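Add chain B to chain A, keeping to what the hints say.
Number of protein chains: 2
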Amino acid sequence: MSETRTATPQTPTPERPFGWDRGTSAARMAEPGEAGRAVLAELAAALPADRVLTDADTARPYVHDEAEWAEYGAPLAVVRPRSTAEVAAIVRAAARHRVPVVPRGAGTGLSGGANAVDGGLVLSLERMRDIVEIDAGERLAVVQPGVVNDDLRAAAAKEGLWYPPDPASAPWSTIGGNVATNAGGLCCVKYGVTRDYVLALEIVTAAGEIVRVGRRTAKGVAGYDLAGLLVGSEGTLGVITEITVRLRPARTAPPRTVVGFFDTLADCGAAVAAVTAAGLQPAIFELVDRHCLKAVNDWKHMGLPEDAAALLLAQTDLPEPAATAEADGILAAFEANGARDALVSTDPVEADALFAARRLAYPAFEQRGDAQLTEDVCLPRNRLAEMLERIEEISARHDTFIGTVAHAGDGNLHPLIMVPPGDPEAKARAQRAFDEIVDAAIDLGGTVTGEHGVGLLKRAGMRRELDPGSLAMQEAIKKALDPDGILNPGKVL
Amino acid sequence: MSETRTATPQTPTPERPFGWDRGTSAARMAEPGEAGRAVLAELAAALPADRVLTDADTARPYVHDEAEWAEYGAPLAVVRPRSTAEVAAIVRAAARHRVPVVPRGAGTGLSGGANAVDGGLVLSLERMRDIVEIDAGERLAVVQPGVVNDDLRAAAAKEGLWYPPDPASAPWSTIGGNVATNAGGLCCVKYGVTRDYVLALEIVTAAGEIVRVGRRTAKGVAGYDLAGLLVGSEGTLGVITEITVRLRPARTAPPRTVVGFFDTLADCGAAVAAVTAAGLQPAIFELVDRHCLKAVNDWKHMGLPEDAAALLLAQTDLPEPAATAEADGILAAFEANGARDALVSTDPVEADALFAARRLAYPAFEQRGDAQLTEDVCLPRNRLAEMLERIEEISARHDTFIGTVAHAGDGNLHPLIMVPPGDPEAKARAQRAFDEIVDAAIDLGGTVTGEHGVGLLKRAGMRRELDPGSLAMQEAIKKALDPDGILNPGKVL
Chain A
1 MSETRTATPQ TPTPERPFGW DRGTSAARMA EPGEAGRAVL AELAAALPAD
51 RVLTDADTAR PYVHDEAEWA EYGAPLAVVR PRSTAEVAAI VRAAARHRVP
101 VVPRGAGTGL SGGANAVDGG LVLSLERMRD IVEIDAGERL AVVQPGVVND
151 DLRAAAAKEG LWYPPDPASA PWSTIGGNVA TNAGGLCCVK YGVTRDYVLA
201 LEIVTAAGEI VRVGRRTAKG VAGYDLAGLL VGSEGTLGVI TEITVRLRPA
251 RTAPPRTVVG FFDTLADCGA AVAAVTAAGL QPAIFELVDR HCLKAVNDWK
301 HMGLPEDAAA LLLAQTDLPE PAATAEADGI LAAFEANGAR DALVSTDPVE
351 ADALFAARRL AYPAFEQRGD AQLTEDVCLP RNRLAEMLER IEEISARHDT
401 FIGTVAHAGD GNLHPLIMVP PGDPEAKARA QRAFDEIVDA AIDLGGTVTG
451 EHGVGLLKRA GMRRELDPGS LAMQEAIKKA LDPDGILNPG KVL
Chain B
1 MSETRTATPQ TPTPERPFGW DRGTSAARMA EPGEAGRAVL AELAAALPAD
51 RVLTDADTAR PYVHDEAEWA EYGAPLAVVR PRSTAEVAAI VRAAARHRVP
101 VVPRGAGTGL SGGANAVDGG LVLSLERMRD IVEIDAGERL AVVQPGVVND
151 DLRAAAAKEG LWYPPDPASA PWSTIGGNVA TNAGGLCCVK YGVTRDYVLA
201 LEIVTAAGEI VRVGRRTAKG VAGYDLAGLL VGSEGTLGVI TEITVRLRPA
251 RTAPPRTVVG FFDTLADCGA AVAAVTAAGL QPAIFELVDR HCLKAVNDWK
301 HMGLPEDAAA LLLAQTDLPE PAATAEADGI LAAFEANGAR DALVSTDPVE
351 ADALFAARRL AYPAFEQRGD AQLTEDVCLP RNRLAEMLER IEEISARHDT
401 FIGTVAHAGD GNLHPLIMVP PGDPEAKARA QRAFDEIVDA AIDLGGTVTG
451 EHGVGLLKRA GMRRELDPGS LAMQEAIKKA LDPDGILNPG KVL
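If you're matching them up, the sequences are chains A and B in order.
The UniProt record's numbering puts the first sequence at residues 1 to 493.
The UniProt record's numbering puts the second sequence at residues 1 to 493.
Hint data in this document are derived by calculation from the structure and do not stem from the laboratory.
Any given hint might turn out to be false.
What the hints assert, rightly or not - Pairs of lysine-lysine, BS3-like flavour, derived with a Cα cap of 30 Å:
1) K158(A) / K190(B)
2) K158(A) / K300(A)
3) K300(B) / K190(A)
4) K190(A) / K158(B)
All of these numbers come straight from a predicted model, not from anything done at the bench.
With the rest of the complex left out, here is chain A (with noise of 0.2 Å):
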C-alpha cells in the first residue's frame, strides 16, 4: 500500500451506506482467466446486474480495510448480494471454480481481515440490512448482517433493552462484522464481548449450503457450540448471513465518571488493579497516557495536564447508592496510588468533557497527517504498567512515536503508532517496533490480539503466541469446514 488513507465516513446513501473514503486511486481489478470467467458468467446468469460490480471504479470502497499497511490484492469482482438465497448462489459458483470469497461488513476493521485476495470475489453484506425481529419477551434480536451496530442498539432501547457490544467504529460498523472479528468496546470490562451475545447464526458454508447453528433459548448444549466457533472466525469458516443476539435489559441509572492523572505509569497499573482487588466493576475502565493528552491539547487546547504519565476513566452504572458507594472506591483506589486531580462527576456535559480526551485521541492524531497503525495486544491486567513501560522503550529504541489508549480493566491496549508519509526509512523502524510490541505481550503473559482479529497482521504473532499443537487444530477445522480453503484464505491461519 502506498496512498494514504484517511478514516473519514463519507455521507451514507443507500447504496452505500458504509463508503468511507480511501484515496483517489482506482482499484487494481483482476484480469479474469478460466474459473474467473466461468464464475462470473454464472454470477450474471443468477443475480440481477446491479449486484455484481467489475468496475474499479466502484470497487475501490471494498478493496481494503482500515488496517494500515494490510496488503490487499485486485479482486474479479465485488458483489453485494440482497439476500442468504443469492449469498448462497455466489459461493457456490465461486465454490464450483474454486474461487476465493472474502466476506465483508462495513470494512472498519484493524487487521486487513476484509482485504480483497487476488482473483478473488469481494462478498459485501452490506446491503443485507434489515432488523428482522427484536423479542422483547425473549432479550433477543434477529438481524441481517449489514446492520449497523449503532442502528441495532437503537432498535433495541425503543424496546427498552440494550446491546452491549460497543466497538469504537459503532456508527459505521457492521453486527455481521462485529461478529466475525468478537468485536469488544467499552462496555466488555463489565458486559463481554460479542460472542457473549450471539445465540445463533444461519451461515453460508464453503460449499453454499444454508444452515442455522445455535438456539434461540437462553441455555443449550445440543452438540457442539458451532455458532461460538462462527465468532471471531473472521469468514475463514463461513459467511453469516443472519444473527440472533441476546439483549439485556436498559440501563437506567445515570453514570457516575471517576478520573485521575498519575505521575507515574506504575501507580496508574497499581490503581487498576487497587480497582480489581476491591471487587469492584466499573462499566467503562479506560487509560489514556501522555502522547494521547498531548495530542489532544495540541488540537483542542483543552489544558489537560500534559506532564502526567497517564489519564484513567471510569464509569460506574450502578443505581444509587451503589454508584455512589462504586465510585468513591474507585476515587479511593486512584488516590491511595498517588493519583492527582482525581474527582467524581456526576454531570453528564462535565462527563463527556472528562471522556473527550479519550474518544479525540485518534482524531488528534490525524489531523497530524502521519499514517497510523492500531495495535491491539490484551496483557493480564496486572502486567499493564509493565507493558505501557516497554511500550515507550520500544517507541524510543526505534525512535517512532507511540501513543496509547488502552481498556486499563481488561488489560486491552492500543497503542498507535505513528509514521509521517512518504518515509520508508520510519515506516520500517515502525513495523520492527509493531513486532516488538506483539513480542512483548506475548513475553508478559498476553495475547496478540484483545479484539481486533487476526486478520493478515496478526498471522505472524498468533503463530508465536499460541501452542503449535493449537494451531494444528485450528488448521484441521478449517480443513474439515472449508476444504479448498476458498473461503477468506490467507486470514487468520
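Here is chain B on its own, set in the frame of chain A:
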C-alpha cells in the same frame, strides 16, 4: 440396565472421593482381544500399578453415570491417572491400538455421556484434584479437572471471589465434568453457564498430544475459539486436563426471596413473562410444580398448598435499596398474574425453608423408590406454560407420573419421569413420554437439552432438533480432531 440405582453418595475416601453406590452387582468387564492386551501391557509398563483397575468389583463405580436407562458397556479397564503426562501416555497407548477412551469426572451426569463402551478404557480424572492457582489480581483460577465444583467455590470465597456455575451436583461433580457438559445451575439465569467462565484449557488430543488452548487475559481473539468448542463437547474432542476459569467478585448483599403460588400454569407462565418484561433480573428464578409440592408434603409434611398448579421462587442479590425495589417488582409481577400466598422474605432461615420445596423435590421422589429419568428441555421463556401443559397432557396420555421443576427464568425444564421398578410396561410408556416431551420442546422452538448434555439419551432428539447441515459440520469437526474416533465414541454424535 436392569438394576435400580440409588443416587446416595457414599462417604468420600481419598481414593474414591466421588464414588456412588449404584447397586451391588459387579461391572461387566470386556475380555481383552489382541489390541486390548497390547494396551494393557503398555499401560502396565508406563504407569504405576495402582492406576489401572481391571477387576470387575473395583471397576463397578466407574462404568456408568446417573442417567437412568442409558446403556453402558463392558470396559477393558478403568484408568485413574495422577498427571497430564499420565493422561497423555494412556491416550497414546489407546490411539496406537484404536481402543476407545471414555473420560469421566464424578459420574454425576444425567445423559449417559460418561458411560463405558465395550472394550474401551474408562479414564477417570478423579485423582487430578489440585487447585493449581487462584489469582485474585486477575480474577481467575487454574484447576485440575477432578476438583469438585463446591471446593473451587470455597477456595475462591477465601479470596473474596466467586465461581458462579452451580449445578445441583455441585457438592460432588467436578469442574472437568462441568466443562465437558457446559453445566448450568440455579445462578445461570443471571450469571451465565460454565462456558461463560472458561478462559483456557489444557487438553490431551485424540493423538495423545498435550495442547493448550485459550488465554489468561480478559479478552482475546487470536484464532478460533477452541476452548469454547471443547466446552460442552463431552469428551469427544479431547480430554480436559487443566482448566482456567474466570471468577467474579464475591457477592455481599444478603438475598431477598420472593415466592408465589399460582392456580394455573398459564398464570405462572404469565408471571415469568411479566418479570422479564419489567426488565428485572433475579439471580435465581425457579418453578416447582404441584406434583413436586405434593411429594415434598408427603415426605416432610410441610403443609405446602397442594391445590396450586405451581410455585415460583425468585431471589435477588442486588445491594439495597435496589434489592427491595427488584423484590417488590417481582412480587408485583406475581400478584398481577394471580399469585396467592405471595411474599418477600429477607430472613435467611425463612428463605431456606421456602427453597426447601425446590431442593427436596428430587429426594422426595427418591423416597418412593421409583426409577427417575430426568428430562432437560429448554424452551423460549414465553413458551414455559405451554410446555408445562403439554407435559401434563403427555403424562396423562401415557399413564406416567411426571413431576417438573424448572429454571423458570431460563425456560429450562426438568420433568422427572417416574417409573416403579420391575414394571417393563410402565417403563415402555415412560420412554414414549420421554420422546414426546423432546418432540414437544422442538415443536415449541426449544432445545432437547438445556444443560445436561446429549450423551446417549439425547442423541436421537438432537438429530431431530438440529439442521442437518449443522450435524454435518459437527461430524466434520469430530473427524478432523479425532480421525480414528477413539474419544468417547457413540456419544453426542
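Structure-based check of all given hints:
1. K158(A) / K190(B): holds, 23 Å
2. K158(A) / K300(A): Between K158(A) and K300(A) the Cα gap is close to 35 Å, so the pair fails against 30 Å, i.e. violated.
3. K300(B) / K190(A): violated, 43 Å
4. K190(A) / K158(B): Given pair K190(A), K158(B) holds - Cα atoms ~23 Å apart, limit 30 Å.
Checked against the numbered hints given earlier, this structure breaks hints 2 and 3; the rest are met.
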